[in-house]
Amino acid sequence: MSNDNNKNNSCKKIILNGLLNKNPILVSGMVIAPVIVLANNFSNAVMLVISFSLITFFTLLVSSFVPKSIVYTIRIILYTLIGALVYVPAVILLNYFMPDGVEALGIFFPLFITNSFIITRSESIFFMETKGKMLLDIVFCIIGYDAAVLLFAAVREILASGTIGGRMTGMPAFFRVFERPFGGFILLGLFAALFRSILLFVKRVRQK
Amino acid sequence: MDIKRKPEFNIMTDMLIVLLVTAVVAVYYYGMRAAAVIAVTVIVSTAADFVCLKLRKKAHDKKDLSALITGLTLGLMMSASVPYFEAAAAAVFAIVVARHAFGGSGCEIFNPAAVGFLFASLCFPENMLTYPRIFTDIPMSSVVPSDILTQSMAKTLLVTGTSPVSLIDVLTGRFTGPMGTGFVVLLAVAAAFLMLRRSISAITFFTELAVMGLYAFIRYGFDPMDVLYFFSGGMTLFGIIFLSCDYSVMPRTASSRFLYGLVMSICMIMFCQYSAMENAVVYAAIVSSPIGIELDRRALSFADMLKKHRKRKGKRKRLTKNKLLGSINETLEMLNNDDKRES
Numbered sequence: 001m002s003n004d005n006n007k008n009n010s011c012k013k014i015i016l017n018g019l020l021n022k023n024p025i026l027v028s029g030m031v032i033a034p035v036i037v038l039a040n041n042f043s044n045a046v047m048l049v050i051s052f053s054l055i056t057f058f059t060l061l062v063s064s065f066v067p068k069s070i071v072y073t074i075r076i077i078l079y080t081l082i083g084a085l086v087y088v089p090a091v092i093l094l095n096y097f098m099p100d101g102v103e104a105l106g107i108f109f110p111l112f113i114t115n116s117f118i119i120t121r122s123e124s125i126f127f128m129e130t131k132g133k134m135l136l137d138i139v140f141c142i143i144g145y146d147a148a149v150l151l152f153a154a155v156r157e158i159l160a161s162g163t164i165g166g167r168m169t170g171m172p173a174f175f176r177v178f179e180r181p182f183g184g185f186i187l188l189g190l191f192a193a194l195f196r197s198i199l200l201f202v203k204r205v206r207q208k
Numbered sequence: 209m210d211i212k213r214k215p216e217f218n219i220m221t222d223m224l225i226v227l228l229v230t231a232v233v234a235v236y237y238y239g240m241r242a243a244a245v246i247a248v249t250v251i252v253s254t255a256a257d258f259v260c261l262k263l264r265k266k267a268h269d270k271k272d273l274s275a276l277i278t279g280l281t282l283g284l285m286m287s288a289s290v291p292y293f294e295a296a297a298a299a300v301f302a303i304v305v306a307r308h309a310f311g312g313s314g315c316e317i318f319n320p321a322a323v324g325f326l327f328a329s330l331c332f333p334e335n336m337l338t339y340p341r342i343f344t345d346i347p348m349s350s351v352v353p354s355d356i357l358t359q360s361m362a363k364t365l366l367v368t369g370t371s372p373v374s375l376i377d378v379l380t381g382r383f384t385g386p387m388g389t390g391f392v393v394l395l396a397v398a399a400a401f402l403m404l405r406r407s408i409s410a411i412t413f414f415t416e417l418a419v420m421g422l423y424a425f426i427r428y429g430f431d432p433m434d435v436l437y438f439f440s441g442g443m444t445l446f447g448i449i450f451l452s453c454d455y456s457v458m459p460r461t462a463s464s465r466f467l468y469g470l471v472m473s474i475c476m477i478m479f480c481q482y483s484a485m486e487n488a489v490v491y492a493a494i495v496s497s498p499i500g501i502e503l504d505r506r507a508l509s510f511a512d513m514l515k516k517h518r519k520r521k522g523k524r525k526r527l528t529k530n531k532l533l534g535s536i537n538e539t540l541e542m543l544n545n546d547d548k549r550e551s
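Read top to bottom, the protein sequences are chains A and B. Residue numbering for the first sequence follows my numbering, starting at 1 and increasing by one per position. Residue numbering for the second sequence follows my numbering, starting at 209 and increasing by one per position.
Treat the hints as calculated values from the structure; they're not laboratory data. Careful: at least some of the hints might be erroneous.
To be verified - Some chain B residues judged to face chain A by a derived CB distance under 10 Å, without partners named:
{"id": "1", "residue": "Glu294"}
{"id": "2", "residue": "Phe301"}
{"id": "3", "residue": "Ala328"}
Unchecked claim - Not close to chain A: a few residues of chain B, all C-beta gaps over 12 Å, as computed:
{"id": "4", "residue": "Ala247"}
{"id": "5", "residue": "Ala297"}
{"id": "6", "residue": "Asp377"}
{"id": "7", "residue": "Leu379"}
{"id": "8", "residue": "Gly429"}
Keep in mind the model is a prediction, meaning the values are calculated, not measured. Think of the CB as a built atom: it goes at the ideal place given N, C-alpha and C, for glycine as much as any other residue.
All chains, please: the whole structure from these sequences, using the hints.
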């Protein structure tokens, strides 16, 4: 009975870590460059999220089979090679469904092969947890990242052009600066600060 | 050399006096619309500062006039016809992002007014960079009809290379442009007043003035009128006094103040030379202020290093002196001993 409880608790912890407490973008600040440059509207953000999720999930999944006995330097090179291998079918698949979207992602799409998220997750989780927990962690981390990017892009689009997914929202004034990387950087910083303060507030309330 | 700083309250009071006088002139030239825009920026920036302090759970210091100064500086840099909402948005951005995100008053790494102006001119370029003529009856409504608006004198100078304004108009600021940044004579008096009261750095001010003046002379074919246009239009002189010589971003040592002035001038020259920006001084102030802070740190660590080096050198000298004295004593003793033996 207690074993089951422990299992449930650790699973809950992994899920909450990926979604909230250690959100890859709003708390850890990982893979922010493509978000700042590309996620200036909702449709771009959807493309970004799909490509990131595809490459990251499959690269991490295949990388988990790399044995621990291999030297760290070689392991990192292997992860990158796996990422490059995953990139090929991913680009073919996305080109088939959304040919314009891949072009819009530009250089950031191939750069997902070497994203910092792959290295940190593979090195910190793989050799400590079971395969099941590792998969759960990857899935919820990716969902956390995707949700944050989509929310950020929606707010950015509303502020920058008064639309959401191309539809007018009736905003009285727009701040075009948020379309640019300069504005995106500042907005993401404000988003992260707000998210952290909410987390801190919830933690304090729970403690009380 | 570490320069002693005046109390911040005194510096702020001096700045406030000068800015208020400039605001009075702006209201005289552009009427009550100018007063309304300045009032909006001042009220909104003070309110935003108050709210941010409450959110950060910090006490409000009655002697801290920085939000007022930011609001006034920002208001004077704007067009008298700018919509009120846009002026308010710029003030909020200046206080929230450029001041409180970096730790509040005294911790800024960029001039908040410059950041607010940059934000507004990137968001609303069509309203921020078109200006009404002076002594025009500007309606008090938030949006002003575009038929009474023209481009600034600085833009005309950039595009055509010459400006159709007389010397007396340039000296008194009677040309289209931002509300309170063109009155050269008033700004020169303000700069002298602030330098005499040690509220802005004379080293930085004169370095920037000399380097930019030299550049303007070369660029405009040694025509003194064009050099005057260069300083009065495009907020150059106003920017030097209120943005780059601002006490919040000013380095502490004399050498770093000189270097900061040099860096600021080089940035300004680069922006003027390679971009068609009419308010290059704002961009230059934003780029160079973190460099100024870093220069200060480097200068202080260099001074520390020099002190340590001198101490070590002093020790070595003392050691060699002792050795020399020791050897002289030894020879004297030997000679004494020899004398004793002989006797």
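Structure versus earlier hints - violations, ascending order: 5
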